[in-house]
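Both chains are given apart, each in its own frame, so use the hints to dock them into the complex.
Sequences listed follow chains P and A, in order. Residues in the first sequence are numbered from 621 upward in steps of one, following the working numbering. Residues in the second sequence are numbered from -19 upward in steps of one, following the working numbering.
Keep in mind that the hints are not guaranteed to be accurate.
[Unchecked claim] In silico DMTMM-like links for lysine to aspartate or glutamate, alpha-carbon gap of 20 Å or less: (1) A:Lys18 with P:Asp709; (2) A:Lys203 with P:Glu657; (3) A:Lys187 with A:Asp59; (4) A:Lys(-6) with A:Glu55; (5) A:Lys106 with P:Glu663; (6) A:Lys203 with P:Glu663; (7) P:Lys722 with A:Glu199.
Because the hints were derived from the structure by calculation, they are not lab data. In this text the structure is predicted, and so the values were computed from the model without any measurement.
Okay, here's what each chain looks like letter by letter:
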Amino acid sequence: MEEWIEESFRRFRRELLRFMREVEELVKPFTDVESGEVEPLYEVSDRPDRLVIRVDLPRVRGKEDVEVLRYGDRITIRARMREPLRISDIPFYSGCDIRGYKLEIELPSNADVEGIQATFRAGYLELVIPKRRAFRVRVE
Amino acid sequence: MADWSFNEVKELPKADYLVVGMPDVGLVGLIASTYLVKELKAEMVAYIDSPFLPPVILYHEARPYPVMRLHHHAEGGKDYLILVGEVAVSATGVHSLAGKLVDWALDKKVSRIILLGGVPTPQRMKLEKPRVYGAGVTEDDVEEIKRAGISVFKEGFVSGPYALILKECYSRSVRGVALLAESFLNYPDPGAAAAVLTTLGELIGVKVDVKQLLEQAEEIRIKLRETMRRTMEAMRESGKAYEYTIPAMYL
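Just chain A, with the same shape it has in the complex (with noise of 0.2 Å):
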């Protein structure tokens, strides 16, 4: 078995948009990703499997899923990849997923990727609404995130599989942004995850009422407990410090 395969279980049409959220600080791209993915009803329809993965399958509704799938979805005359990440992906795996994602994204015609998650902040407790920032890769992707009246991200580490997507996308001018919500570290925050899919609706135009995940944001803080601690022992590997370092360039 290959490092990592793409399954594809519907024929895909070729997509405009590759959205990505996987478990990382509070957990915010997870949820963001798997409220989106409900709120679209949107069709799962392919899966991403590997051995670094750990040995599991998950049950919904009595049927099984793939912990890393990629739904669809079709709106205004564009087609949109979903990618939820259920799990977090250890160190030593992430490095080649970023690869066969961006190759595979191409290989589907995508002509942007966005990805969903969080920078910590100490301040988030007295945060009402955080505030997102958008890190683009390349010029057009900066003047987007401006024009959506986004906060751009000018100084700092993004670390993580992100970072690797992120560098993936860079050395292969590939247009890509990152959507990254003040978040806590290492609670899950349903309040980020809201305010990164507000922002993703002003991006690029998928928009969701994030009104029904507020509500619930106590019992998500709840039930992902366990996958909370489980991603930060994965994030302890993944030099996420480095989120806290300023960078000699800055100087």
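Excised from the complex, chain P in its bound form (with noise of 0.2 Å):
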């Protein structure tokens, strides 16, 4: 087959593909009703020098609720209600108690996953991350 042919099949299918992960973010609840997790209203502010994370968590009462881990450049934050919420008059989550939080960031190259902090204070989660220098490579 011709090249150019080729290339504009491949470039419909990654248009495609694109088009149907937005809409199933669009569409995706954002409550695990199986586990009862959901997952928070959260901000990422990128300055020169760092990455700042806020995390929303109401309901969720000290820092020894909290869990933040790492794999590789992903973060997962889960958190803890002490007292579960149940909304149970609203079919999609009938039977389901909201019991806590779960996120999963991925983080850019550049991070500083080493130095990352974690503060929690009044239901926020924040997390400073630093980032790593620029390497500059000699021109011979």
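Put into structure tokens, the structure is as follows:
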């Protein structure tokens, strides 16, 4: 087959997959009714020397209820509520107690994962992730 | 179907005030107007419909409710209409909504439009009691904001649906005030909603006890996560970033 036709097909397939992912993202609820874990709201601010991630964790009482795990360049945050929340009148949530939060974030390649600091205060978790400085390659 | 239709389900008296709460920054307007309607037991008298709204109807206590509703409350010889918008209106629809809303309010002889909302501040986490600013349309509005002891919104951009409503008020010399509480941008903020309701009482005399709202704050933050996320999508298109921008006029 002609090269340009193959390339057109490849491009079309990529676009289609991207579109499908976007649609899934839009309609996906961010509650896992099986585990009772919800994805918390969070924001990332990109500063010149660090990334700051703030996570909204209402009903989480203390730092002992929060766990931050790092696998390679992925961070998983889990937090538990001491009293679960029941929203049983809405069919989607029926029989489901919301017990805690789970959030997975992929970090950029320049994140200094060894230097991550986490602070939990008044229902908000703040992660400060320093950025690694670029390594200058000498040009001969 | 026209862009926006106003459908009255009960005969409406003329109203003195139109109080508006739409989803925006920190969902302050939505949380405040919902709580206000609940506390005052204000009856639904009309609803607004449009192809710009998502194809949804909501159910509460086994009864269907449109997502953009107007409730009526009478107190101290005054009539109040309270607009509760459950869903964010897309940037394409919000222009025509602002014009139609002000038209309709004038038709109902509304003398003042009060908008309940938030202004994002990065310091919100450190604020026990958020400050509420009043952005007035006419000189009389600004005077009244000052008389009520509310901080006057002096400098900066207001963006999104409230900006358009203020603009419509301005172009027709309709009295209007936006009460904007310091709030989180993208977390539901019941604390800011409580501050805005307290200030509303100081401005126009509709008083509600916000104790229960503050007690339920954490539960509201969890339950409104999805609404916040969808509102953020609409806010992205509506020029929200202007609210962090220093206007050249300030130089």
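Practice problem: Below or equal to 20 Å on CA atoms is what counts here, so check Lys18 of chain A against Asp709 of chain P. | Solution: Status holds; Cα separation ~19 Å.
Quiz prompt | Agreement of Lys187 of chain A and Asp59 of chain A with the hint, judged by alpha carbon distance not exceeding 20 Å | solution = holds, 14 Å
Quiz prompt | Restraint check for Lys106 of chain A with Glu663 of chain P, where alpha carbons must lie at most 20 Å apart | solution = holds, 17 Å
Quiz item: Does Glu199 of chain A lie within 20 Å of Lys722 of chain P when you go C-alpha to C-alpha?
Solution: holds, 17 Å
Quiz item: Between Lys203 of chain A and Glu657 of chain P, does the CA-CA distance stay at or below 20 Å?
Solution: Judged against 20 Å, a Cα distance of about 13 Å means the pair holds.
Practice problem: Assess, step by step, whether the Cα of Lys(-6) of chain A is no farther than 20 Å from the Cα of Glu55 of chain A, and give holds or violated. | Solution: holds, 14 Å
Self-check item: Straight-line alpha-carbon gap Lys203 of chain A to Glu663 of chain P, limit 20 Å
Solution: Since the Cα atoms of Lys203 of chain A and Glu663 of chain P sit roughly 18 Å apart, the hinted pair holds (cutoff 20 Å).
Comparing the model with each earlier hint shows no violations; every hint is respected.
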